Each structure stands twice: as structure tokens, then as C-alpha cells.
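Chemist: Taken in sequence, the protein lines are chains E and R.
When the letters of the first sequence are read in order and numbered with this note's numbering, they come out as residues 9 to 491.
When the letters of the second sequence are read in order and numbered with this note's numbering, they come out as residues 3 to 96.
Bear in mind the hints are in silico, worked out from the structure with no lab data behind them.
Fair warning: there could be bad hints in the mix.
Stated by the list, open to error - If you only want the chain R side, here are some residues facing chain E, beta carbon under 7 Å, derived:
(1) Gln20
(2) Ser31
(3) Leu32
(4) Gly33
(5) Asn61
(6) Val64
(7) Val85
What the hints assert, rightly or not - Capping the alpha-carbon separation at 16 Å, the derived lysine to aspartate or glutamate pairs in EDC-like fashion look like this:
(8) R:Lys12 - E:Asp160
(9) R:Lys87 - R:Glu16
(10) R:Lys12 - E:Asp478
(11) E:Lys415 - R:Glu17
(12) E:Lys385 - E:Glu42
(13) E:Lys264 - R:Glu92
(14) R:Lys57 - E:Asp220
(15) R:Lys12 - E:Asp475
(16) E:Lys415 - E:Asp478
(17) E:Lys385 - E:Asp151
(18) R:Lys57 - E:Glu226
(19) R:Lys14 - E:Asp475
(20) E:Lys367 - E:Glu42
(21) R:Lys14 - E:Asp478
(22) E:Lys415 - R:Glu16
These numbers come from a predicted model, not from an experiment.
We treat Cβ as the ideally placed atom computed from N, Cα and C, and that holds for glycine.
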Amino acid sequence: MIEIPTAIGMVVLMVIITMGIAIFARRFGSSAAEFYVANRGITAFQNAISLGGSYMSAASFLGVAGLVWLYGYDGIWYASGFFGGYVVLLLWIAAPLRRFARYTVADFAFGRWHSKSLRMACIVFTLISMMFYVVPQMVGAGDLLGVLLGWDYTFAVVVSGILMTLYVVVGGMRGTTYNQIFLCIVLWSAMFITTILALMHYGWSYNALLGDIGARIEPGIWLDPLNSFALALGLVLGTAGLPHILIQYYTNPSGKAARWATVGVLFIIGTFYMMTPIVGFAGRAILGDAAGKNTVLPLLGQALGGEPLMGIIVGGAFAAIVSTTAALLIACTGAIAHDLYVGLINPEASDRKQVWIAKVSTIAIGLFTIGLGLAFKGYNVAFLVGLAFAITASTFFPMLFMGIWWKDMTDKGALAGLILGGASAILIITTNIMGMHTLQNPSIISVPLAFLAIYFVSKWAGKMPDDIDDIMHQMHSLHSDIK
Amino acid sequence: MSEKIVQTSKEKQEETSQQISRQWKLSTSLGIMFLVIFMAITVLNTFAPDFMTFKVIGNFTVTYLYSVLLLYIASWSIVLYYVIKVTTLEGASI
Numbered sequence: 009m010i011e012i013p014t015a016i017g018m019v020v021l022m023v024i025i026t027m028g029i030a031i032f033a034r035r036f037g038s039s040a041a042e043f044y045v046a047n048r049g050i051t052a053f054q055n056a057i058s059l060g061g062s063y064m065s066a067a068s069f070l071g072v073a074g075l076v077w078l079y080g081y082d083g084i085w086y087a088s089g090f091f092g093g094y095v096v097l098l099l100w101i102a103a104p105l106r107r108f109a110r111y112t113v114a115d116f117a118f119g120r121w122h123s124k125s126l127r128m129a130c131i132v133f134t135l136i137s138m139m140f141y142v143v144p145q146m147v148g149a150g151d152l153l154g155v156l157l158g159w160d161y162t163f164a165v166v167v168s169g170i171l172m173t174l175y176v177v178v179g180g181m182r183g184t185t186y187n188q189i190f191l192c193i194v195l196w197s198a199m200f201i202t203t204i205l206a207l208m209h210y211g212w213s214y215n216a217l218l219g220d221i222g223a224r225i226e227p228g229i230w231l232d233p234l235n236s237f238a239l240a241l242g243l244v245l246g247t248a249g250l251p252h253i254l255i256q257y258y259t260n261p262s263g264k265a266a267r268w269a270t271v272g273v274l275f276i277i278g279t280f281y282m283m284t285p286i287v288g289f290a291g292r293a294i295l296g297d298a299a300g301k302n303t304v305l306p307l308l309g310q311a312l313g314g315e316p317l318m319g320i321i322v323g324g325a326f327a328a329i330v331s332t333t334a335a336l337l338i339a340c341t342g343a344i345a346h347d348l349y350v351g352l353i354n355p356e357a358s359d360r361k362q363v364w365i366a367k368v369s370t371i372a373i374g375l376f377t378i379g380l381g382l383a384f385k386g387y388n389v390a391f392l393v394g395l396a397f398a399i400t401a402s403t404f405f406p407m408l409f410m411g412i413w414w415k416d417m418t419d420k421g422a423l424a425g426l427i428l429g430g431a432s433a434i435l436i437i438t439t440n441i442m443g444m445h446t447l448q449n450p451s452i453i454s455v456p457l458a459f460l461a462i463y464f465v466s467k468w469a470g471k472m473p474d475d476i477d478d479i480m481h482q483m484h485s486l487h488s489d490i491k
Numbered sequence: 003m004s005e006k007i008v009q010t011s012k013e014k015q016e017e018t019s020q021q022i023s024r025q026w027k028l029s030t031s032l033g034i035m036f037l038v039i040f041m042a043i044t045v046l047n048t049f050a051p052d053f054m055t056f057k058v059i060g061n062f063t064v065t066y067l068y069s070v071l072l073l074y075i076a077s078w079s080i081v082l083y084y085v086i087k088v089t090t091l092e093g094a095s096i
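Only chain R is shown next, with the shape it has when bound in the complex (with noise of 0.2 Å):
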């Protein structure tokens, strides 16, 4: 492992400002939505009971598709979204 870490000029300590700060509204961005998918229900189930446990199809509630169903089809797009997204971003600061 190497120890060393190069030192940089004050352009390169622009350029990293910068290309943290691109990260973090990319990150946080997500990141709050994805917060607010997984507490909401949560929150829907406190609040709005009646909403959340009516079924939509035979025993499915809207709780019980939300938790096991939406939620991780919306973490994976949101994560898959975030991965490319940032590649292209890191690959343009190059």
C-alpha cells in the first residue's frame, strides 16, 4: 500500500472542490430520495392506515407491495441510475 500521497497543485485542489461538489449533489440527491421511499412507509402506515392496508389485488395490501416490492425496485434503479451517472461524471473530469 502505498503511504504517499502526491502533492497537488492549487489548480488540482480547484479541480477536487469541484468534483466533490458535483458528487455530493449527485449522491445527496439520491440519497434523500431514497430516504424518503424507505420512511414513507413508515410514516403512511402511521397516517394513513386505511390507505396502506387496502388491497389491490386479492391479499396484496398497498403496504405489503410497497415494502417487499417497490421499495427494492426502486433502491435498484435508483443505485443503477447513481453508478452510471457518476461514472460518466468522474470519466468528463478526466
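Isolated chain E, as found in the complex (with noise of 0.2 Å):
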């Protein structure tokens, strides 16, 4: 355990910097377009920045990292994989995504088929998505500031819950916004001054570093060539599909916008995962086994910089637990709140009302995410995070690939992608835990299958909206960037 004041120090004034950011954004006004979309008024700057924050969360900032201290190349694959969801995201969704102009994935599926039961069927795979991705936060967040801060895991859990619901429900998406922009130039920057310090270590030399590390620099010690393919799949395609990555594509002012946005995160998270093999194989060939997983990073700047760079790295991992979680309960409450209440029950709801009922749902997901980090102690992360991004690969990717460029899918044909997609990559992952096979991704069986639901349901059944012609103009016409 390390209980550094540097280190407690530092997450008490991100607190109270990111509390402070949160409150100064409640000027911009209270309205579900400020809430949920920030009036879509994020520059492409701005929102590149803060992509990245929301991207780099503790598994990216420590994680990866960590897994190349554990297994060498294996661990960059990873890196790779996560890097080249925005590839996919730019050249296929940006831009018809934000030129559709809603404010979530059920929206857009409305808004595209028009169907209230794809409606729903997407209320719950984003539920279902997110909870598997928030729960291994909020376990991540127990864990770590246990051992960095020796913190209570209770007492950790129920901090980082309160702090998360309090950003959104002050804050909204331009509070998160502005904050994640703040937070990803402090993770960017602890790790490139860690970079620094790891290179001066070994006198400016990567090659003597990489000396030292021996066969770890090789393929091979962690994943058989199908499960690497097969991950390196799921991550692209399951990037590609996360709804609290997409939902701030709503945020931009233009589809041009949502397009360079794209491009300014692909250049600060590749550089950014350009540095964490360096990182890692430092963590092997200084620390050895010392290190942890999840603690290569902080024990490495320890090592490197002492308390001061040990206190900015402790605090970037909080942060970008908070960080990231924040911008998972947004999708959250926008599924129930927006999705479900407005878009369901009560579609003639007031504008103030739609905001009162977007904070109360925040504050009952956030209550209830920190029942789920309590209940989850202990539990295996990796599995549950594994299974959101298999989720969003094997169901909104492909409904969101297909709804904007095929003119002919039909709401039958989104409808049984996302089922066929969302039951067998559950099922596949669920049977791999229970020790019937050894593929640990199932995006190589699920995503193609949900992919031909689509197109034989499509072509047998179902039908296209009335307004298909002027839904594709306005998703794919520069014309199109209403707000």
C-alpha cells in the first residue's frame, strides 16, 4: 500500500478543480439541449480533447500499460485495437451520425425506422452495454485507490460514485465536456513526463531499454493468432458502437466538425499510446516483478520522479475513473431519461421538466452504480468490460454501419441485428467463463451474424420509413447540420 500526501493531495484538488469546472458551466443554461448535447456547441478542438479524456479511462491510462509490463508485445495489441475504433468511427459514422442530429443511439434508430420497440430493444443494450462498462469502473476505482491511497474499498466506491453523479447533474454534458478536456491534457501529460523520464533513465536510449526486456518485445506470450484477430476486431468494431463515445458526437456544431474532431483524438490517444509500451517494458526492466498490473505506471513514476510525479499520476487515475464514468452515466440517463420517459411515456413533457427528470434518473443510476460497484467487490473486470465492447461491436455497430448506408434496412432487419448480435456475443463469452471453448472475443461470430440478420431480415421482412429519402439526404448532405 502506498499512502503518499502527494498522492492524496493531488486527487483532492482534482476535486476541487473538476467540482469547480462543473459548477462554472451551469452558466450556459439549463435546457435538455444544453444537458444532454451541450446546445451542440463544442468546437471539433474541444471535443477532440475531451474524446480523448472520456477515452483514456483507467484502463487505458494504467492498463495498458500494465499489460505490457505483464506480457510484453502482446500487451500493445490492445493500444492498437482501441486507437482503431476512431478510424472506423471517422471514415463510416461521424459525420451522418451528427448530421442526423439527435441526442442518443435509441434516438437515432427512431428517428431512422421510426419503430418503438427497436427504440426500447436499443433503451436496453445501451443500459446493458453501459452497466458492463461502469461496473468495472466503479470495481477498478475500490481497487486502486485502495492500494494507491489505502483507501477503504467501500469508502472508495462510494466517493468516486458521489463525485460522478455530482459533475453530470451540476455540470451536464458541457460541465463533463469541459472537464474531460481538463483531465486529458493532466493524463496526456503524466504520461509523457513519465516517457521522458523512463528514456533519460537509459540515456536517451530505447534500444538499451529494450535490451533489458529480452524476448518480451516478441508476439505470442499471451494470445494464439484467433484470439488476437479476434480482439483486435472486437475493439475496433466495439469502439466504433460505444454509446457514451457516440453521444458526444451530438455535441459538435457540424458534421465537419464531428469529422475533425475525430481526427485531433486519433493524434492525442496515438501518441498517447505510442508512449505506454515504453512505459511498460520501463516498468519490466526497472521494477520487474514489483510492479502490478494496475500499478506499473504509479510505481514507475515513483521510481523515476518521486512523490511529485507519483502524486500527478495517482490523481490522473482518479480522474479518469471519475472521467469516464461521468460520460457513461450521461448515456445512461439519456437512455432513460430522454430515451425511455420522453421518448416513450411522455413525449409532450416540458423542456424543464425533461431536465428535472434527466438529474433525478442521474442521481438514482449513479445510487445505483455504486450498489453495483459494492456488490461486484472482487469481481474479474476484464470479463465484464470484454463483454461491453462485444456487445456494442455485435449490435449498435452494425445497426449504425448499415442504417446509414443502406437505404433499404428495415426496422424488422435493425431490430433482429441487435437481438442475434447482442444474444450470441453474451452467449459465446458466457460459455468461454464456463470453460467450453477458448475464444475469448466472440466479435469474429457475433458481428458478422448480426450483419446477415440485418440483411435477409431486411430483404424478407419489415418495412422502410415513408421518409427514407429525405433521412439519407439529411445524414449524408452537408446541408444536413441542424441543431
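The two chains are supplied separately, each in an independent frame; assemble them into the complex guided by the hints.
Modeler: Right under this line is the structure:
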């Protein structure tokens, strides 16, 4: 256990700054559009950094370096997969998604096919995937803050849960976005400083550092070819279907801005992931087995930069957890308050009531999340994260991809794709955990199944919306950048 | 948010179809290029391990330079080319 006053001080400083940012964001208004999509007023530059902050979860900030420390080259594959998802998003989804000008993924599905049952299915899969994503963040917060700060597990989960709920309730999407911008700068800088110190330790010779780690630079320590391929596909397509990432595209003022935001985030996370192998390998070379999968970065920071760097990294790790969880919370709130309540229960709700319901939902989901975090103590978090990516890769990505580019896709085709893709992904992962086969990531089976279901069911049943030409025009035309 | 979608004319529908077709060709050709570059790492690691573990400079193997340097540089080049090209393409259709 590491109990360093500087680290605790950095965490307190992070809390003060981020709460200040959330309070500052209140001055921009309190409409539903402001709460969910910041009035579509986030610039491409801001959105790029914010997406980077949202994406640099504890898994990216601590986990990738930890995997490189543990498995060598194979750990790098995670970084490549996380990165590649944004290329797919840019090429096929970002601009049309923004131009369709909705609030959530379920909102997109309803606008595209006008089907309430499809909207309901999207709400269910949004909540399932986001819960599988949010629980490991909470479990990670409890474990990590226990190791790094000496906090009790329950205390760490409750503090993290309350903070992320407050960020969203107080600041809405704009406050969360501004916080993510700040946190992205902190996380990237912490990784950069650690990388520089690691290289300085080896007299600026990365070659000498690699010489110290021996065969770990070669592939195959962890993943066999099939699982390596399946993991890459799952991470790339899963990223392109993550609701908490997709909704942030709606905050851009135009489709063009959405594209530039994606280019920006690719440079931010690309440079970030280029540094993680250096840190992971340095952790192996300098600390040996003394480091841990999630603690190699802070321990290396302590070894190379003393208490100040250790403090920045611990503060950054805490920030990473809260930042990502706040984004997940907004996605869940959108699914319940906007899609379920306004979309299906009370479409005539006033703007004021919509915001009120959104805030009450946020608090309820926040409390529920804390409960889940406590209930899943000691659970295998990698399993849950894998399930989240597998579900989004097998449900939302095929629906969005086909819905944006294939005019003839029907509501029943979309529903069949969602259900078959999601169910097969869950089945394959569950049977893998039960030891019935060795395929860790289901994407190479569940994603093609979802695409096939969409194609054949659309050919056989359901109908295209009457206004399909207008919908396609809106998604693909430069003139369609509406608020 | 405006829920209302303005009704398009037949000519506009035709123009939209052409626009989608042009965007699709650009996105898909670059997307396939990216996925080939990306997935080639696993394929080459499996079928050409001697080549991939060959040390190019010092302790830097082909697979390492490919995964940590070439993949990122190639991806950035592809996305920059895409954004510039699609902006021109959309501008030309106005």
C-alpha cells in the first residue's frame, strides 16, 4: 500500500478543480439540449480533447502499460485496438451521425426507422453495455484507490460514485466535456513526463531499454493468432459502437466539425498509445516483478520522479476513473430520461420537466452504480469490460453502419441484428468463462451474425420509413447541419 | 433540435444518391486499406514470424516498428487524406 501525502493532495486538488469546472458550466443554461448535447456548441478542437479524456479510462491510462509490463508485445495490441476504433468511426459513422442531429443512439434508431420496439431494444442494450462498462470502473476505483491511497474499498467506491454523479447533475454534458478536456491534458502530460524520465534513465536510448526486456518484445506470450484477431476486431468495432462515445458527437456544431474532432482525438490518443509501451517496458526493466498490472505506472513514476510524479499519476488515475464514469452516466441518463421517459412515456414533457427527470435519473443511476460497485467487489473486471465492447460491436455498430449506408434496411432487420448480435455475443462470452471453448472475444462470430440478420431480415420483412429519402439526405448532405 | 425534415424533390433524391455513392466509395476504399494494414500485423505475426521478429535496427523488430510506429503514421495519413478529400467532395456537390 502506498500512502503518500502528495498523492492524496493531488486527488483533493483534482476534485476541487473538476467541481469548479462543473459549477462554471452551469452558466450556459439548463435546457434539455444543453444538458444532453451542450447545445451542440462544442468546437471540434474541444471535442477532440474531450473525447480523448473520455476514452483515457483507467484501462487506457493504467491498464495498457500494465498489460505491456505483464505480457510484453501482446499488451500493445490492446492500444492498437482502442486506437483503430476511431478510424472506423471517422470513415463511416461520425459525420452522418452528427448530421442526423439526435441526442442518443436509441434516438437515432427511432428517427431512422420510427419504431418504438427498436427504440426500446436500443435502450436495453445501451443500459446493459454501459452497466458492464461502468461496474468495472467502480470496482477498479475501489481496488485502485485502496492500493494507491490506502482507502477502504467501500469508501473509495462511494466517493467516486458521488463525485461522478455530482459532475453530471451540476454540469450536464458541457460540464462533463470541459472536465474531460482538463483531465485529458493531465493524463497525457503524466504519461509524457513518465516516458521522458524513463528514456532519460536509459541515457535517451530506447534501444538499451528494449535490450533489457529480452524476448518480451516478441508476440505470442499471451494471445494465440485467433484470439489476437478476435480481440482486435472486437476492440475496433466495439469502440465504434460505444454509446458514451457516440453521444459526444452530437455536441459538435456540424458534421464537418465531427470529422475534425475525430482526426484530433486520433492524434491525441495515438501519441498517448505510442508512449504506453515505453512505460510498460520500462516498468518491466526497472521494477521487474515488483510492479503490478494496474500499478506499474504510479510505481514507475515514484521510482523515476519521486513523490511529485507519483502524486500526479495517482491524481490522474482517479481523474480517469471519474471522467470516464461520468460520460457513461450521461449515456445511461439519456437512455432512461430521454429515450424511455420523453420518447416513450411522456413525449409532451416540457423542457424544464425533461431536465428535472434527467437529473433525478442521474442520481438514481449514480446510486445504483455505487450499489453495483459494492456488490461486484473482487469480480473479474476484464470479463465485464470485454462484454461491454463485445455487445456494442455486435449490436450498435452493425445497426449504425447499415442504417447510415443502406437505404433498404428495415426496422425488423435492425431489431433482428440487435438481438442476434447481442445474444450471440453474451452466449459466446459466457460459455468461454464456463470453459467450453477458448474464444475469448466473440466478435468474429457475433458481428457477422448481426450483419447477416440485418441483411436477410430486411429483405424478408419490415418496411422502410416513408420519409427514407429525406432521412438519407439529412445524414449525408452538407446542408443538413441543423441544431 | 429540429425534428422536421424538409421534403426533397426527385432531383434532390438523385443528387443525394450520388452523394452517398461518392462518400461510400471514398470511406470504404480507405477503410479497407486501414483494416488491411491493421489486421496484417496478426497475419504476418502468424505466418511470417521470422520476418516479423527480424531486428531492423538494434533491438527494434519489424513487428514492433509496425505496431508502434507504422500503424499510427499510416492511420493518421489515411484520416487526414479522407477529411481533406471528403470536404472537397462535399464542397463540389453544393
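Chemist: Of the hints stated earlier, which fail here?
Modeler: Numbers 1, 2, 6, 8, 9 and 12 - these are the hints that the structure violates, sorted from lowest upward.
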